[in-house]
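Chain residues, written in single-letter form:
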Amino acid sequence: MAIGGPLDDKNAARLLSAAALFDFMFLAFVCATIEPVLRQELGLLRAGPALTAGLYLAMVLIYWLICEGVLSGATLGRFVLRLTMRDKSGKPVSPVRRSTRAMKKIMTLGLTGLNPNTSARYDRAAEIRWFSPMAPRSVTFWRLRVQSGPDRGKSLVFNQVKGLKSSRQIKIGRDSGWADLALTRSKGASGKHCILQIAKGNQLQIRDMGSSNGTWVRGRQIAPDKPVRLDPVSQFRVGDVWIAVIR
Amino acid sequence: MRLPFGLRDKMVLANEVFAFAGNIGAGIGALLAILGISSNFANNTSRMVFNVEVATLSLPVRMILVILIAAALGWGLGALVTWLSRSRNEALSFAVYVVAILWGGLIVGAADWLAVAMNRQILSETLLFTIVGMGLALWVAGFHFRISNAAGKHALRLHCDALMLCSIGAALFMILTMLGAR
Chain Y
5 MAIGGPLDDK NAARLLSAAA LFDFMFLAFV CATIEPVLRQ ELGLLRAGPA LTAGLYLAMV
65 LIYWLICEGV LSGATLGRFV LRLTMRDKSG KPVSPVRRST RAMKKIMTLG LTGLNPNTSA
125 RYDRAAEIRW FSPMAPRSVT FWRLRVQSGP DRGKSLVFNQ VKGLKSSRQI KIGRDSGWAD
185 LALTRSKGAS GKHCILQIAK GNQLQIRDMG SSNGTWVRGR QIAPDKPVRL DPVSQFRVGD
245 VWIAVIR
Chain C
28 MRLPFGLRDK MVLANEVFAF AGNIGAGIGA LLAILGISSN FANNTSRMVF NVEVATLSLP
88 VRMILVILIA AALGWGLGAL VTWLSRSRNE ALSFAVYVVA ILWGGLIVGA ADWLAVAMNR
148 QILSETLLFT IVGMGLALWV AGFHFRISNA AGKHALRLHC DALMLCSIGA ALFMILTMLG
208 AR
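Protein chains in written order, with our numbering: chain Y, 5 to 251; chain C, 28 to 209.
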């Protein structure tokens with residue numbers, strides 16, 4: 005399942021509120037289904053609305069314990085809205101972080117999570133980010149995937165590139181000491197073949213480093229040392245190796 | 028052999044066709060949902076549309092109807108909010124909030140229309156249909172937002188607001204429906 009991009013605090017809070025409302029409605033259905041059975045079985049046919057309220061609160065507590073304790077924060081509402089809990093780098097949340105979040109949530113009874121204008125305190129304390137497929141994928145989560153040749157299947161997530169934030173470039177070539185995406189087995193690629201640059205507005209540009217077999221974009225060989233805009237295409241050819249940008 | 032037009036153009040065309048079919052479906056769904064609400068208001072016992080008393084249909088058939096209407100409503104919400112969020116007009120942005128709340132009401136209205144009268148319900152059909160309808164509509168609307176590729180902070184904020192307000196609208200209308208049935 006595509007996790008999409010990170011949501012900012014306000015958007016995450018809004019979607020989590022929507023998910024919580026959905027969960028409350030689901031619990032109302034479960035409660036309405038089992039309440040008549042319980043009344044009949046326990047002989048509480050005359051019991052007032054206090055029984056309904058008590059049962060609903062108990063259901064909320066049980067549901068919350070199951071979702072937070074067993075299902076790692078997944079609820080029906082979050083599943084419907086495809087909200088995924090991740091850490092700041094977009095990796096699955098570690099058990100330690102998850103426990104911290106659960107502890108903080110218990111301490112506040114989860115009440116800070118009901119504010120649709122800002123993220124919950126326990127999420128901030130545990131440095132949790134919420135991801136949604138609706139949010140544009142951050143450039144750091146884009147990746148390159150080799151589509152052909154002996155290195156086929158090799159991929160590189162942008163955030164794995166050392167110093168990407170400052171250099172804003174990804175080096176591609178056969179020389180594993182130089183290249184970020186090393187095509188060690190592809191003979192058609194030169195040692196220092198080309199550089200992919202992230203320009204303003206996250207636009208991608210490609211620059212050939214004077215390779216012997218050339219770099220090809222839109223079926224044309226690009227001139228050496230001259231950056232060429234890659235967008236909107238998502239594929240280019242390094243010698244005889246096709247590489248795709250997956251955004 | 029060189030294709031007459033590129034893969035990208037074909038995908039754009041397929042997307043347009045897909046969107047057109049979706050929008051037609053959404054229109055029909057919205058009409059059915061409005062019909063459901065209006066027939067409920069007009070006469071709370073008959074619930075007849077096209078000479079078919081809906082309550083006499085079996086549960087699976089009514090469930091399929093809920094699913095179809097909810098999918099159409101979700102697509103409609105997605106299309107409408109996407110269109111409104113592309114506008115720079117503040118008033119149109121505000122319309123997103125009204126549309127989202129109304130859409131929540133339409134989902135509950137459709138669910139209530141397709142459920143048997145509340146005092147005859149063994150299973151809480153109104154709630155069940157609302158949850159199934161809401162879930163599907165939210166999922167489809169979210170899917171529409173994702174494929175519409177409307178990047179930008181303003182558009183994303185409106186999309187999130189729309190989903191939240193649709194849930195609030197559905198919850199409010201659900202409470203009103205249940206209170207009204209007592």
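Hints in this document: simulated from the structure, not taken from any laboratory.
Careful, some of the hints might be misleading.
As the list claims (entries may be wrong) - With a Cα cut of at most 16 Å, we get these calculated EDC-like pairs of lysine to aspartate or glutamate:
(1) Y/K196 / Y/D244
(2) Y/K92 / Y/D179
(3) Y/K204 / Y/D179
(4) Y/K204 / Y/D235
(5) C/K180 / Y/D13
(6) C/K180 / Y/D244
How the hints compare with the structure:
1. Pair hint Y/K196 plus Y/D244 holds up; C-alpha atoms about 15 Å apart against a cutoff of 16 Å.
2. A distance of roughly 32 Å separates the Cα atoms of Y/K92 and Y/D179; the hinted pair therefore is violated under the 16 Å criterion.
3. Between Y/K204 and Y/D179 the alpha-carbon distance is near 28 Å, which puts this suggested pair outside the 16 Å criterion.
4. For the suggested pair Y/K204 and Y/D235, the alpha carbons sit about 12 Å apart, so the restraint of at most 16 Å is met.
5. Taking the CA atoms of C/K180 and Y/D13, the gap is about 12 Å. The hint holds against a cut of 16 Å.
6. Simply put, C/K180 and Y/D244 have alpha-carbon atoms about 39 Å apart, too far for the 16 Å limit, and the pair is violated.
Checked against the numbered hints given earlier, this structure breaks hints 2, 3 and 6; the rest are met.
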